[in-house]
Amino acid sequence: MTELIGYNTALALVGALLFGFSSGHVGAFVYLRKASLLSDSLAHATLPGLIIGFLVSTFLGMEEKNSWVLLLGAGISALFGVVVIQWITVRTKLGFDTAIAAVLSVFFGFGIVLLTGVQSVSVGQQAGLEDYILGSVSGMLLQDVVVIGLVSIMCSSAVVVYRRPLTAFIFDPVLSEMAGYAQHRMSFLLSLLALVITIIGLKIVGLILVVAMLTIPAATARLWTTDVWSMSLLSAVFGSACAGIGVIISALLPSLPSGAVIVVLMFIALGLSIVVTHLRCSNV
Amino acid sequence: MNINRRRFVGLSAAAIAAPHMAFAGQSLNIVCTVGMLADTAKQIAPSNITIRALMGPGTDPHAFRQTRSDVVALTKADLIIRHGLYLEAQMEDLFAKLGKRKSILSAGEAIPNQHLLPYDDASAQYDPHVWMDPTLWIHVADAIATELSSKLPKNSAEIAENHARFVANLLRLKDYGHDILASVPKQARVLLTAHDAFRYFGSAYDFDVMGVKGISTTSEAGLYRIEELVDLIIEGQIKAVFVESSQSDRNIRALIEGTAARGHDLKLGGQLFSDAMGPAGTYEGTYVGMIDHNLTTIARALGVDAPKRGMNDRLNV
Amino acid sequence: MFDDFFLISFVPILTGLFSALSCTLVGNILVLRKQAMLSDTISHVVLPGIVISFLIFGNLGSYFMLVGAGIAGLTALGTIAVLRTYTSMDNSAAMATTLSVFFAAGVLMIELTAGGNVHLDVEHALYGNLESLIWIDGESLMSVFDPVARQTIPVELTRAIIGFVVIMAVMLVCWRFLIISTFDHTFAEISGVPVGIVSAGVALAATIAAVISFDAVGSIIVVSMFVCPPAAARVLTQSFRDQVWLSVLFSAISAVLGYAVAGYVPILLGFETSISAAGTIATLSGVILVCAIFYSKRHRSYDFIAGHQT
Amino acid sequence: MSANAITVNELTVDYDGVTAIKDVYFAVRAEKLTAIVGPNGAGKSTLIKALLGLIPTRMGTISCFGTSPKQYRKDISYVPQRAQIDWEFPANVFDVVAMGLYGELGLLRRFSSAHKDRVHSALTDVDMADFAARQISQLSGGQQQRVFLARSIVQDAELILLDEPFGGIDAKSEAVIVDILRRQKQNGKSIVAVHHDLSTVKDYFDDVILLNKTVTAFGPVDDVFTKSNVEKTYGVSNLDFLTGRA
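Chains as they are written, first to last, in the numbering used here: chain A, 1 to 284; chain B, 1001 to 1317; chain C, 2001 to 2310; chain D, 3001 to 3246.
Isolated chain A (complex conformation) (with noise of 0.2 Å):
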């Protein structure tokens, strides 16, 4: 099998296969409640932790950039955005856009007055920590690998355990909130699934692939099926199939850096999918 495909294509593609799933699986809720673009937001306000962590690793004499301290950091700092927009969203008449763009826009612009806080003051080699948790799927690791495996699990089964309560709150939160299950904590607990699968895709596929995974086979999904359980299962499909696909397409022509292959590949779908689903609609 190594001769037929190579060990680092073999290994992108369980990664993505794997991550396509999970991704897809959890985005198809993400889409459904219109929260596409918080990963986007979360994946910035990560920024702000990511220098504390290096400051931290480096003053605690650790090694520099030692990735999962900076990752650690990254992950408390974009948690910290999730509960801000929480609080926001609940607490203000604000809409959920508003609260994702102000905690992106803030914490990013802390994150850069850090950075050139850094930047001067010489504490040790800041050089590329922008781009030290910015993965991207062709260089994925034996380890890479085996973390996506553990969290698709993780993300995956709790979208299964959670499915009615997350199906009730985002089409009647009233009728979750009776049923027992607080509109805050099912707001939050889909905002966590987010947020695992955002750090980790930043650290593993790269932001773009993470935005669009979660978002594209959601909407793919949804233009084939009216039911909520069937359009995560589908969109889960999509989202690997996407992912695999684009992986083998990147590993046998040049110069086509695997991420922008797949996203482009799965608008293509969509692009594919509207066509059909349409003509489907007026031949009845």
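There may be inaccurate statements among the hints.
Calculated pairs, DSSO-like style, for lysine-lysine (alpha carbon to alpha carbon, straight line, at most 30 Å) [what the hints assert, rightly or not]:
1. D:K3049 - A:K34
2. C:K2034 - A:K34
3. C:K2034 - A:K93
4. D:K3172 - C:K2034
5. D:K3074 - C:K2034
Just so you know, the hints here were simulated from the structure itself, not pulled from any lab data.
Nothing here was measured: the structure is a model prediction, and the numbers come from that model.
Following the hints, put chains B, C and D in place on chain A, whose structure we already have.
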């Protein structure tokens, strides 16, 4: 008491002399952009001249964001030394404006064009990473020395002396590199890093240089490229690959895993300084130390018994 | 401390101010239309525009970049509209799809052409740096009236002022249509308001404000100025007119104070270097938003600013 | 005036790729209160949108006072379902009613004190003058509906279309609103409302249109709103308690 008095007299003399010296134009406020230039200027300039680097030694020039104090420093500088060749892309406009009033030395552009490597045949842009070749850096040192002595004619003797010493160091560095790398066979002369920052090193020491991804920071490697490199490593029996101080090491580690799966033992040769120098105050935080580190690391990774602590026995191990 | 004010600080302060005001004005509408993330979307979709204009014109000249970025922004708006018409996508999903596809297309273009060999990324090609907008011939207020010195005023300031004036004028003229079509779309359509044109106009204004400001002051300020001042004003008042005025005030405070804080406070605290003005402006606008939210919680009564009548 | 306000012939409208109403025909008498009644999914909202000229029709004609809805638009006012409105929008009662004049004012004409007086008099008509400075989210459902009625009054349109004006409103407010509508009728306005509550049709309205994809019957309530017609429209047969009252 006596000492105090002498000190008092000395201080007064200095106080009277200081403005006088400034008037004579023998004080010069120099601002350099990148650490490599600041270090070079420090080596060459007379000891009483203050030199400020905008970017700390560990800062990647591609990612630098200038703040107000940097702009103030530039507007107050008597001489600005920048690298040029589009290295400080984010400051091009600023330099264009400052150029009207300030003397700006584009030290990297002092290197004759025939020594520069264009990005591709059609492009008028050159690869800016010239510091990787100490021989080319001599042109930079020359340009700085010439500029300094024209600004500080009274110190020209000291400058010439410093300059000669620094150039001698560069030549030593060049020879040291050739010495330790001489025993590396032709087919093993491959330098594989995360991005294309080592082309001048390649042309100076006859290495094939390969980067996983292109120059642009927005670009991303494809799987085809990774598989291609894995094949190349195995065919060429390449022993080591390198990570860079300012780049993520993921792609490089993917290569190590990819070749390991096919039974090839590819070592991580160590970390090289590509766009930024080592921490301030260390030997690696100087130009010579940075290149020494790179040469020594590469040689040792390729199986040469180079001195562990480098040319000057000062590398951190 | 204030020597060289006209050389170093004058133009950045004004450019930051006018860019912030343009963004905030449009942002007031976007926040009410639940399109706050449009500014962030535009910041990602400009990449292919920049790549194409680089491929065509072969350089990174500011005008070509602006035009390329503008065209990419408009194409993205079209894509968002198409997606919303033909799928069940909400705004957020349509924007997420568009921004990821456009950015991916930009990356593909870089890789498939010679672009990969050039330092070509949005950060350097389009995004400006507030602090760099020095006025080399600016010596005193009199320089403003000196035609020779005026020539060296950075073009970014001129653009920011023009952008601000155009956006303000259009908003003043279209004020009623903006309100009515944002509040009650169907009713606006029946009342004869060209709602399609108004929506397209809002998106167009957002693109113009965003691209001009990206070029002058960078992307960080833009998104925060689109969102934070209008949001802060929104929680403090119930009148749209008051909201606009308050947001303009917050925006101006963030821009001017942010530049000053970034430039002087670290120095006063004994550090050698300043911090990013753009980052500080964004942070400050966030602080204002949080304060506004806390303030509105304390003062439950919504009428503390006398309700104006149209 | 005894002319018809609206005449609809063989109207078929597709909505989201599905045929929502088919071969619909009816006439609405001028200066009357007319209800559109039918089960959920009968195409009532689609019909309203078509009458407003907001969606394209596949077949058939609509005429409002002898011309097309689009040409007649200036003389139609529309009261949306309350659920369609973002009640947190930063506007007070006065602002909302003033919006009724925006179509007439266009972009540049000044909002004069005469306009202000018109807004106040419309607010007085619906007995909401005291609430002019109140933010709209701080009103009760009935009050919100009255504000929108004031908006249509200030427009001074000949034809008023309402989408479920009594949705989510208590009985007392309902009576107030019916009273307002009746006064508008006396002022010569023609009023068409989508209505849900079968038990009040006879009390509130003069005419009724029974709709379930197609029109089952239309005309004066007393003639048309019969048990058999309603059962035909709703496809069920135990509605005695609703229609047997009058």
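These are the hints, each one checked on the structure:
{"no.": "1", "hint": "D:K3049 - A:K34", "result": "holds, 26 Å"}
{"no.": "2", "hint": "C:K2034 - A:K34", "result": "holds, 11 Å"}
{"no.": "3", "hint": "C:K2034 - A:K93", "result": "holds, 12 Å"}
{"no.": "4", "hint": "D:K3172 - C:K2034", "result": "violated, 35 Å"}
{"no.": "5", "hint": "D:K3074 - C:K2034", "result": "holds, 29 Å"}
Figure legend: structure checked against the earlier numbered hints; the only hint not met is number 4.
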